[in-house]
Structures are given as C-alpha cells and as structure tokens.
Amino acid sequence: MAPSKKNSAGESINSRLALVMKSGKSSLGYKSTLKTLRSGKAKLVIISGNTPALRKSEIEYYAMLAKTSVHHYNGDNIALGTACGKYYRVGTLSILDAGDSDILKTTEN
Amino acid sequence: MAKFLRSGKVVIVLQGRYAGKKAVIVKNFDEGTKERPYPHAVVAGIERYPLKVTKTMNKKKVAARSHVKPFIKVINYAHLMPTRYSLELEEIKTAVASETFQEPTQRVAAKKAIRNSLQKRYVAGKNKWFFTKLRF
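Protein chains in written order, with the working numbering: chain A, 1 to 109; chain B, 1 to 136.
Just chain B, with the same shape it has in the complex (with noise of 0.2 angstroms):
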C-alpha cells in the first residue's frame, strides 16, 4: 500500500543491454510522459563493475580496478526489480534530467559526472551492495 519506487531506490535492470546490472532510479514517472506513456523511471547503474583488488596489489594496480564505468538509461518499470537497498542521490541527480537524453554530448558529461560520484563511494567503502556484481 506505499509506493516503493522512489528516487533513491536501487533496482535490478532485468531486459536489454544491461540486464542483470544495479542501478538506481534518479527521477520516476509513475504516470508517464507523452512520448513515453507508461510508468518509467530515469535510473544510473553500473556498466562495469570494478574489479576486486586484494592486499597484494600497488596502489597503481588498486586505482586501475577500481573504475566503474556507468550508464544512465530511461526504463520501463516493468523491466526492473527493486531491491530494498537504496543510495542517497544529491550529485548524481543533478547530473542526470529528462534534456539529458537528447544530446549525446549531454550523456557523455552526465556519465562523466556520475562516474566520480560513483568512484568515490566506492572507494569511500559506502554502499558496499551495489558496487558487487549480481551473480546469475
């Protein structure tokens, strides 16, 4: 009886190219638009996840796998699994909004933003869940 898929939420990409990634939804619609008239939701996931890194390794070796390579999408609710994890969003929403869509060169420096944000959570050691690959 509440509606769970808020901005914040991280959800599970379940068609497409990025099936099986996490991402997490930045704006919602849950009406629709008039190009797109169905619930949707603008999310940010993780394209490549980083790569472990163990003690062994230099700090060289550590920062180069340690690169999260995003993606930002608009997707049909229906193609996503909501999980009950969620991500505080400040950064990554001012990065990404429905213009961003019709330019390229807006995507590319959304995705650039986000994967700053990204990369420092995850070597800030926060949210731990999203940054672990989905195993299926």
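Only chain A is shown next, with the shape it has when bound in the complex (with noise of 0.2 angstroms):
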C-alpha cells in the first residue's frame, strides 16, 4: 500500500482530526458515513488502514459520485478511533464540518 508517512505527517493528521472532534461535526461509522455521501453534507471520508477491500472501494466509489475527497488512514481502526478522542473503533468517517481545523485544505493535495 501506501508507504508509511513520516511520523510528523502522521502526527498532524492525528491533530487536525483531534481539532475537528473538538471544534468541527463529524460522523463516525460506516452507515453514517455514507448517509452523509448520499446527502451531500460529507466534506471528507477518512478510511482505516485494515478496513476490507470490498467496503473501501465502495466508499470510494460513492465519494467518487458525491465528489468528495477521501483519505486512507495510515493506521488501523483501532488507531483512529484513539486519534478521534473515542474509546471504540473506528473504520470509517466523515467530516461535514471543519470548525477551526485546516484538515480538508492539507488533504486536498
């Protein structure tokens, strides 16, 4: 897959999402995620590391047709449920709103 990020990027992607949880509106979880697809509201996917192949292509065709940018996590859901300040996993999720964070301007490039 991807090759592994320098632990800074890695670490920032931790922050920006610890900002959005903070400040911004998110939605946590593979149905609620592509609720937010379908309505349009999602701004950006972020997709866990072990996430099946089958469920992440789907997520990506759907963000395909909304026109939504997606970021795969260099990490497992384990790991992204821990960088979103929760106590579960977390395989996928979708940020509607950024708040104060600069998340969506860093991972459109």
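Treat the hints as calculated values from the structure; they're not laboratory data.
Heads up, the beta-carbon is just placed ideally off N, CA and C, and yes, glycines get one too.
Check the hints yourself; a few may be wrong.
Said to hold, decoys possible - Okay, derived cross-link-like pairs now, DSBU-like style, lysine-lysine, Cα gap no bigger than 35 angstroms in a straight line:
#	chain 1	residue 1	chain 2	residue 2
1	B	K3	A	K35
2	B	K3	A	K56
3	A	K31	B	K3
4	B	K128	A	K56
5	A	K31	B	K27
6	A	K31	B	K69
7	B	K111	A	K31
8	A	K43	B	K59
9	A	K43	B	K112
10	B	K128	A	K31
11	A	K31	B	K133
12	B	K128	B	K112
13	A	K31	B	K55
As the list claims (entries may be wrong) - To give an idea of the chain B side of the interface with chain A (calculated C-beta under 8 angstroms), a few residues:
#	residue
14	A2
15	D30
16	L51
17	P82
18	R84
19	Y85
As the list claims (entries may be wrong) - Negatives, chain B to chain A, calculated, CB over 12 angstroms:
#	residue
20	T54
21	K59
22	K69
23	F130
Join the two chains into one complex using the hints; note that each chain is given alone, in its own frame.
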C-alpha cells in the first residue's frame, strides 16, 4: 500500500482530527458516512487501514459520485478511534464541518 | 459534496425480491414523507432482462427474446447502490408518480407504459449497460 508516512505527517493528521472533533462536526461509522455521502454533506471521508477492500472501494465509489475526497488513514481502526478521542474502533468517518481545523485544505493535495 | 441520487440515475437494487436488478430513479424524496419518514426513491427497473440474441435467429424469435419485464417500487436509499450511469427519462417520468402505488390497476398501467418505452430503447440499442444482466 502507501509507504508509511514520516512520523510528523502522521501525527499532524491526528492533531487535525482532534481539532475537528472538538470544534467541527463529524460522523463516525460506515452507515452514517454513507448517509452523509448520499446527502452531499460530507466534505472529507477518512478510511482506516484495515477496512476490507470491498468496503473501501465501495466508499471510494460513493465518494467519486459525490465528488468528495477520501483520505486513507495510515493506521488501523483502533488507531483511528483513538485519534478521534473515542474508546471504540472507527473504521470509517466523514467530516461534515471542519470547524477550526485546516484538515480539508491539507488533504486536498 | 454533491448530491448524486437524482432522477435519471441508474442504481442497483440491493435488497428484496429485486435484489441484483438494475433500476432507474424516477423520483427521489431526500427528506422522506409522512408515510415514509426516511430518504427513499421511486424506481423503475428491469425484473426480467432480455435474452441474448444471435445472428442465426429469425425475426420472430428475436422479438420474443427481446422482451423486457419491468417493475416499479419505492425503495429506501440504503437498499440502493448508485452507479455512474444514467438514463434519460421523459416517458417513464410521466408514467409513474407517488399516487401510482395506491391502486393495483394504476401499477399495471404504469408498468405497461414503462415496458413499451424500455423495450423501444433496448431495440434501438441505447443504454446497453442497463439492459445487461449483472452477473454475481
């Protein structure tokens, strides 16, 4: 897959996610991200590293139709859940409103 | 960031009797209605795909194998898989409305109208992907 990011780049995504959780709106979980994609409200979709390939490509297809960018998180669902500040696993999440974070700009390129 | 479940979009039905069949969204209700408080869409799809025809078949056989059996249904968005394909809709749109589902006779009439327009499209060679059976 993608080569592992440098430690600093990986952590910056985590810090940006923490800021989104605090100041913005997000939707955690596969079903709810599909809902946000269908309604057009999702701005960015983040998929963890160990989601099954079929589910990953399904979400990518939805995001392609919705013209929404997808970020493949460098870590598994446990790590993504921790990055969101939750005590459960998060395989997929969508960001509806970034709040004070610049996560949308940094993942655009 | 764009809504893509619009009328004219081809979708694949995921659940129910018509699972695996291709359908086209005729009218969508993003907000739901009082009877159905969830986002749903009225779709018109193919229940029985036309069979394959070859050059060696005579005209009568080709005509018989090119029949299309349609269905109409109101389906929850969660039970649809959208695709990148679309179908232009004129005649089908007028044939089906929300009231069509109240009376069985209206349903039959709507299906007849859809059958004619779909069959014309198939014979004309348009929207080939829509009329091929999804193999899974």
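Hints and how they fare:
no.	hint	verdict
1	B/K3 <-> A/K35	holds (11 angstroms)
2	B/K3 <-> A/K56	holds (20 angstroms)
3	A/K31 <-> B/K3	holds (17 angstroms)
4	B/K128 <-> A/K56	holds (28 angstroms)
5	A/K31 <-> B/K27	holds (23 angstroms)
6	A/K31 <-> B/K69	holds (33 angstroms)
7	B/K111 <-> A/K31	holds (33 angstroms)
8	A/K43 <-> B/K59	violated (53 angstroms)
9	A/K43 <-> B/K112	violated (42 angstroms)
10	B/K128 <-> A/K31	holds (32 angstroms)
11	A/K31 <-> B/K133	holds (28 angstroms)
12	B/K128 <-> B/K112	holds (21 angstroms)
13	A/K31 <-> B/K55	violated (47 angstroms)
14	A2	holds (5 angstroms)
15	D30	holds (7 angstroms)
16	L51	violated (29 angstroms)
17	P82	holds (6 angstroms)
18	R84	holds (7 angstroms)
19	Y85	violated (11 angstroms)
20	T54	holds (34 angstroms)
21	K59	holds (40 angstroms)
22	K69	holds (28 angstroms)
23	F130	holds (17 angstroms)
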